[in-house]
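Trainee: Here are the chains, one letter per residue:
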Amino acid sequence: MATQTTTTGAFWRGARDCGPFLLVAGPFGALFGVVGTEAGLNIAEVMGFSIVVIAGASQFAALSLMLDQAPTVIVLLSAIAVNLRMAMYSASLAAHLGPARLWQRALVAYMNVDQTYAVSVLEYDAKPAMTLPEKLAYFFGTCLPIVPTWCVATYVGALVGEAVPASWGLDFAVPIAFLSMVAPALRTMAHVAAAAASILLAIAFAGLPYNLGLMPAGIGAMIVGAEVERRMGHAFPPPGARP
Amino acid sequence: MTGWSGPEIWFIIVALGAATFVIRFSFLGLIGNREMPPWLLRHLRYTPVAILPALVTPAVLWPEATGGTLSAPHLLAAAMALGIGYWRKNAVLAAGAGLATFLILRAVI
Numbered sequence: 139m140a141t142q143t144t145t146t147g148a149f150w151r152g153a154r155d156c157g158p159f160l161l162v163a164g165p166f167g168a169l170f171g172v173v174g175t176e177a178g179l180n181i182a183e184v185m186g187f188s189i190v191v192i193a194g195a196s197q198f199a200a201l202s203l204m205l206d207q208a209p210t211v212i213v214l215l216s217a218i219a220v221n222l223r224m225a226m227y228s229a230s231l232a233a234h235l236g237p238a239r240l241w242q243r244a245l246v247a248y249m250n251v252d253q254t255y256a257v258s259v260l261e262y263d264a265k266p267a268m269t270l271p272e273k274l275a276y277f278f279g280t281c282l283p284i285v286p287t288w289c290v291a292t293y294v295g296a297l298v299g300e301a302v303p304a305s306w307g308l309d310f311a312v313p314i315a316f317l318s319m320v321a322p323a324l325r326t327m328a329h330v331a332a333a334a335a336s337i338l339l340a341i342a343f344a345g346l347p348y349n350l351g352l353m354p355a356g357i358g359a360m361i362v363g364a365e366v367e368r369r370m371g372h373a374f375p376p377p378g379a380r381p
Numbered sequence: 528m529t530g531w532s533g534p535e536i537w538f539i540i541v542a543l544g545a546a547t548f549v550i551r552f553s554f555l556g557l558i559g560n561r562e563m564p565p566w567l568l569r570h571l572r573y574t575p576v577a578i579l580p581a582l583v584t585p586a587v588l589w590p591e592a593t594g595g596t597l598s599a600p601h602l603l604a605a606a607m608a609l610g611i612g613y614w615r616k617n618a619v620l621a622a623g624a625g626l627a628t629f630l631i632l633r634a635v636i
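Top line first, the protein sequences correspond to chains X and E.
This note's numbering applies: residue 139 is where the first sequence begins, and numbers increase by one.
This note's numbering applies: residue 528 is where the second sequence begins, and numbers increase by one.
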């Protein structure tokens with residue numbers, strides 16, 4: 139059957155195109171497992187984060203604030219704020235997958251992460267002739283190297299974390315992980331301006347208790363990024379950036 | 528984990544998972560095909576780079592391990608992760624370089 143063949147082909151094309159991101163999901167999933175158990179979470183709790191939330195940056199954010207003994211509401215609001223960009227992913231996927239069935243869209247939403255979104259949308263834009271079943275199959279294909287890897291790597295990391303003594307000082311791995319995720323994302327002047335504003339505002343608000351300065355710093359930096367983009371145009375690259 | 532009971536930890540996991548799903552599902556599921564206004568998209572685009580640096584700044588500048596004073600291993604490891612990540616556009620390489628810098632400097636200093 140022709141349609142069967144093209145959807146199967148689309149699935150494997152998605153898996154292949156997203157394959158290189160194995161090298162991101164694997165190490166960072168493992169790192170979350172290690173620092174999660176080092177922080178005192180048990181294996182079930184660490185796995186709970188990776189399976190229920192599947193969003194690396196917000197998992198690290200929640201963990202880091204819990205270690206700071208921040209109030210629950212600050213932990214949740216900050217970790218949720220990190221994921222707000224996914225509303226943008228959802229809107230952009232809806233333009234392509236909106237007519238799919240409700241359970242299919244719910245499954246897409248659950249696995250709508252940075253890599254699956256980016257790879258899929260680039261393909262949809264490059265191949266406007268794709269049918270809805272092909273687009274769905276392609277998206278689920280992109281999930282294959284990412285979602286199972288994230289969970290398995292977290293589990294392996296958690297086992298390692300239980301064996302590593304706390305005195306290794308791996309708690310600083312969390313800030314390092316964040317900076318490593320942010321640095322490659324500094325693609326435009328607007329991104330650089332937002333990150334710089336974020337650091338300066340965090341220093342300005344550092345005196346506030348319970349990490350309360352995080353929200354105003356984040357919102358302020360978001361406004362700075364959006365304003366710089368509005369004034370300079372979206373694709374303006376920072377000095378020294380490769381095309 | 529110090530200061531957090533099992534039920535509290537699970538509450539955070541489930542609440543964060545549910546809220547994240549609602550964000551991911553929003554337009555796909557409930558709002559339909561309507562476009563988001565450009566000003567909102569413009570702000571949402573910057574959420575990770577706006578929030579994550581603010582989150583790490585205190586941990587880098589005033590680490591708990593040194594009682595809140597500036598520390599060379601923390602500062603240099605952070606600079607290394609940021610620099611390598613920006614230069615090579617590779618998060619895994621950046622994390623490896625940052626962690627290695629931190630562990631080596633802490634052993635040496």
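These are computed hints drawn from the structure, not numbers from a lab.
Every value quoted in this text rests on a predicted model; they were computed, and no experiment measured them.
Among these hints, one or two may not hold up.
Said to hold, decoys possible - Mimicking EDC-like on lysine to aspartate or glutamate, the simulated pairs with C-alpha atoms at most 20 angstroms apart in a straight line are: (1) X/K265 <-> X/D155; (2) E/K616 <-> X/E365; (3) E/K616 <-> X/D252.
Trainee: Compare the structure with each hint and give your call.
Mentor: Hints versus structure:
Among the hinted pairs, X/K265 with X/D155 is consistent with the structure: their alpha-carbon atoms are about 14 angstroms apart, no more than 20 angstroms. Simply put, E/K616 and X/E365 have alpha-carbon atoms about 24 angstroms apart, too far for the 20 angstroms limit, and the pair is violated. The suggested pairing of E/K616 with X/D252 holds, with an alpha-carbon distance near 15 angstroms, which does not exceed 20 angstroms.
Violated hints amount to a single one, hint 2; each of the other numbered hints is respected by the structure.
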